[in-house]
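Novice: Each chain, letter by letter, is given below.
Protein chains: 2
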Amino acid sequence: MASSVSPLAPAAFPDMPPIDGVRIATAAAGIRYPGRTDVLLALFDPGTAVAGVFTRSKCPSAAVDWCRDRIKRGAAGALVVNSGNANAFTGKSGRAATKLTAELGAKAAGCRLDEVFLASTGVIGEPLDASKFATVMDRLAATATSGGWHDAARAIMTTDTFPKGAAAMVRLGTSAVTICGIAKGAGMIAPDMGTMLSFVFTDAPIAPALLRSLLAEGVADTFNAVTIDGDTSTSDTLLAFATGTAAKRGVARIARASDPRLPAFRKGFVAVLANLAEQVARDGEGARKLVEILVEGAKSKQSARRIALSIANSPLVKTAIAGEDANWGRVVMAVGKAGEPADRDRLSIWFNGIRVAHKGARDPGYDEAAVSAAMKKPEITLKVGLGLGKGRDRVLTCDLTKEYVAINGDYRS
Amino acid sequence: MASSVSPLAPAAFPDMPPIDGVRIATAAAGIRYPGRTDVLLALFDPGTAVAGVFTRSKCPSAAVDWCRDRIKRGAAGALVVNSGNANAFTGKSGRAATKLTAELGAKAAGCRLDEVFLASTGVIGEPLDASKFATVMDRLAATATSGGWHDAARAIMTTDTFPKGAAAMVRLGTSAVTICGIAKGAGMIAPDMGTMLSFVFTDAPIAPALLRSLLAEGVADTFNAVTIDGDTSTSDTLLAFATGTAAKRGVARIARASDPRLPAFRKGFVAVLANLAEQVARDGEGARKLVEILVEGAKSKQSARRIALSIANSPLVKTAIAGEDANWGRVVMAVGKAGEPADRDRLSIWFNGIRVAHKGARDPGYDEAAVSAAMKKPEITLKVGLGLGKGRDRVLTCDLTKEYVAINGDYRS
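Going down the list, the protein sequences come from chains A and B. My numbering numbers the first residue of the first sequence as 264 and each following residue consecutively. My numbering numbers the first residue of the second sequence as 264 and each following residue consecutively.
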């Protein structure tokens with residue numbers, strides 16, 4: 264298990280204001296480790312809209328199945344999240360566990376069963392004993408209060424080395440709304456499998472359909488543009504809840520895509536997603552470098568994304584960055600294997616602003632000392648210019664260190 | 264650089280008979296390191312047929328471009344291979360270097376320029392000084408003799424920890440033909456990039472078109488079914504040369520796909536490719552386990568291949584195997600992310616013959632002690648049953664150890 268906080272962690276957990284209409288409580292239910300906070304309950308005021316995006320894995324967890332079947336109604340009363348057990352690959356018992364958990368959540372919230380949303384993270388293949396939630400649910404419901412984001416972010420951690428939160432205030436006309444989000448990162452401890460979970464909350468009065476499209480649009484360049492090791496989880500879940508309580512303060516409902524206030528809200532919403540996604544990359548297992556991959560001059564944005572992911576998931580590129588080596592030969596390799604249009608003889612590559620390769624060969628002005636100094640920084644921007652078109656994209660990742668192998672392979676030795 | 268021989272290496276280099284019509288010599292031309300054998304010259308008798316398959320990288324090396332432009336003629340007079348420099352991403356100077364090398368080779372062999380085939384492996388992006396070949400070419404041509412496979416296999420090594428060779432004798436009617444092959448594996452030393460190179464030789468009198476189809480067919484389930492780290496090289500090259508000299512011993516020419524002797528020849532030919540490909544997996548950087556991934560019950564062979572590659576390239580599966588952990592939760596993850604048809608509730612998983620998961624949940628008879636013992640073996644077979652159809656496939660890989668990260672990331676520290 265990771266013992267120290269990632270050197271790439273933010274200096275402090277951010278100040279996050281409470282959101283009217285959201286009450287939160289956490290507890291230790293002994294899901295996997297005794298005495299460790301492992302359950303998060305969020306209760307929502309009536310009228311709360313919800314939207315969600317989930318893993319594309321063909322083998323999703325039982326909680327993902329549960330949410331996917333209910334997300335289209337767009338109404339939320341409660342959210343129950345546990346760490347310590349992913350309730351994935353658990354067959355019928357997994358489905359029974361989601362039902363029992365949701366029943367407990369519905370009773371606590373006084374809402375319909377299909378207004379309860381669930382997420383689980385932790386070991387795969389172990390039955391989840393949902394009766395453990397029964398022992399804590401009444402107290403959770405009784406003690407739930409506004410705020411408490413730091414505790415909430417802590418409760419969903421597995422091998423994360425720091426809790427992840429982000430907030431934004433957005434002025435809508437004469438009033439303002441708040442957006443708060445928490446996330447957990449891609450961490451694994453044997454025989455556990457971490458999963459990416461994120462929950463975003465706002466008091467903005469926004470129609471479920473609009474929330475849905477904001478989320479689908481916002482996730483593409485934030486969470487879906489982060490990769491630690493290319494291993495997609497069975498449980499990835501991002502849920503957005505909008506209580507609408509800002510309406511009480513005079514914020515008119517946002518019901519149409521043409522609403523002139525929507526761009527400002529979108530900007531704040533996406534900023535929170537982007538901030539959380541970057542924190543996930545900063546807490547990649549064993550990470551010592553935050554790596555931003557920029558691809559420009561591709562045939563299309565989609566093509567740029569595929570090339571950026573090919574670079575970001577290349578073990579050879581990631582180990583080179585861990586070794587503080589501007590090994591652009593490996594970048595060429597990763598561009599070449601992506602299967603997307605690329606012309607070797609137009610390719611240029613930069614590390615932290617220093618051009619190391621130009622038009623298919625080493626840059627004539629290559630300065631080893633300057634490049635070496637640039638590679639020592641904790642944040643590396645690797646830019647590739649393809650020189651073919653106007654497609655560009657950006658992906659965040661981290662380096663591949665011996666600590667990654669130790670975290671994921673050492674537990675049996 | 265890897266200092267000790269892989270624990271997965273064969274006990275000894277195989278006995279490999281000479282092939283009539285092929286003469287070989289090696290030399291130290293000082294391409295990168297002084298005093299290290301780094302050039303291989305093979306000279307072929309007139310009438311030698313050649314076929315080749317090359318990297319699918321969009322950024323191929325200059326040598327790959329050279330060969331691809333000339334392979335369709337199907338006639339070979341010489342092969343020149345160097346280690347120490349990949350002549351990749353070298354622009355115009357790289358093209359000039361291939362031309363000069365081929366001119367030297369054509370002069371040495373007394374053949375046409377477009378009957379000379381080239382391969383280079385080593386650092387990317389450094390200009391290759393082909394004039395160094397001039398200093399050794401005459402002596403190479405003068406000393407080239409039949410046999411010498413061990414020296415040839417050594418001359419093309421980079422971070423390989425052992426030379427790789429394989430041979431087969433195939434009876435064709437009343438006489439026999441010989442097939443000999445050498446290969447180099449996937450090894451990298453900073454700032455070098457290893458590449459997969461393999462050369463197969465036979466005295467069988469076989470038409471170029473048939474050799475071509477045998478090669479294309481044979482590579483699919485051998486070299487193309489091996490992955491060390493999912494990083495496709497710029498320089499992967501597999502060339503097959505058939506001198507046809509067995510005709511002098513009465514072996515009639517194989518000119519038609521319906522020739523009744525072809526299945527026997529194919530079997531021997533593919534066995535040599537499979538043997539070499541397995542040796543490449545056994546010499547993966549930092550490898551301590553040879554891992555065979557079997558996928559059964561898929562919708563198609565292609566679907567089974569994609570799922571097998573998703574498992575074989577998963578850093579989480581590979582580190583788990585390094586940790587001797589039968590972590591089938593990570594296998595489920597890798598099946599799920601492959602994007603191919605899969606039904607969680609029909610999935611079964613075996614490690615070295617022990618079923619650990621069945622129909623979407625942990626196997627009821629799961630025995631931790633038995634599984635732990637099985638995982639300690641140096642060779643691991645990981646079988647996945649999808650229960651959907653009749654598609655099956657097999658991929659070879661190795662585990663992911665701290666040594667892999669050290670080999671590819673430590674050189675700057």
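Hints were generated in silico from the structure; no laboratory data involved. Accuracy of the hints is not assured; some may be wrong.
Copies of one chain are not kept apart here, so a pair can be met inside one copy or by any two copies together.
[Claimed, not checked] Mimicking BS3-like on lysine-lysine, the simulated pairs with C-alpha atoms at most 27 angstroms apart in a straight line are: (1) 665 / 639; (2) 653 / 321; (3) 362 / 622; (4) 640 / 653; (5) 622 / 395; (6) 653 / 562; (7) 355 / 564; (8) 511 / 646; (9) 640 / 665; (10) 321 / 622; (11) 653 / 564.
Treat the numbers as computed from the prediction; the structure is a model and nothing was measured.
Novice: Each hint: holds or not?
Specialist: We went through each hint and held it up to the structure:
| no. | hint | in the structure |
| --- | --- | --- |
| 1 | 665 / 639 | both (17 angstroms within a copy, 21 angstroms between copies) |
| 2 | 653 / 321 | between (34 angstroms within a copy, 19 angstroms between copies) |
| 3 | 362 / 622 | between (59 angstroms within a copy, 21 angstroms between copies) |
| 4 | 640 / 653 | neither (29 angstroms within a copy, 52 angstroms between copies) |
| 5 | 622 / 395 | between (62 angstroms within a copy, 26 angstroms between copies) |
| 6 | 653 / 562 | within (6 angstroms within a copy, 39 angstroms between copies) |
| 7 | 355 / 564 | neither (42 angstroms within a copy, 30 angstroms between copies) |
| 8 | 511 / 646 | neither (47 angstroms within a copy, 59 angstroms between copies) |
| 9 | 640 / 665 | both (19 angstroms within a copy, 23 angstroms between copies) |
| 10 | 321 / 622 | between (41 angstroms within a copy, 15 angstroms between copies) |
| 11 | 653 / 564 | within (8 angstroms within a copy, 38 angstroms between copies) |
Violated hints for the displayed structure, listed by number in ascending order: 4, 7 and 8.
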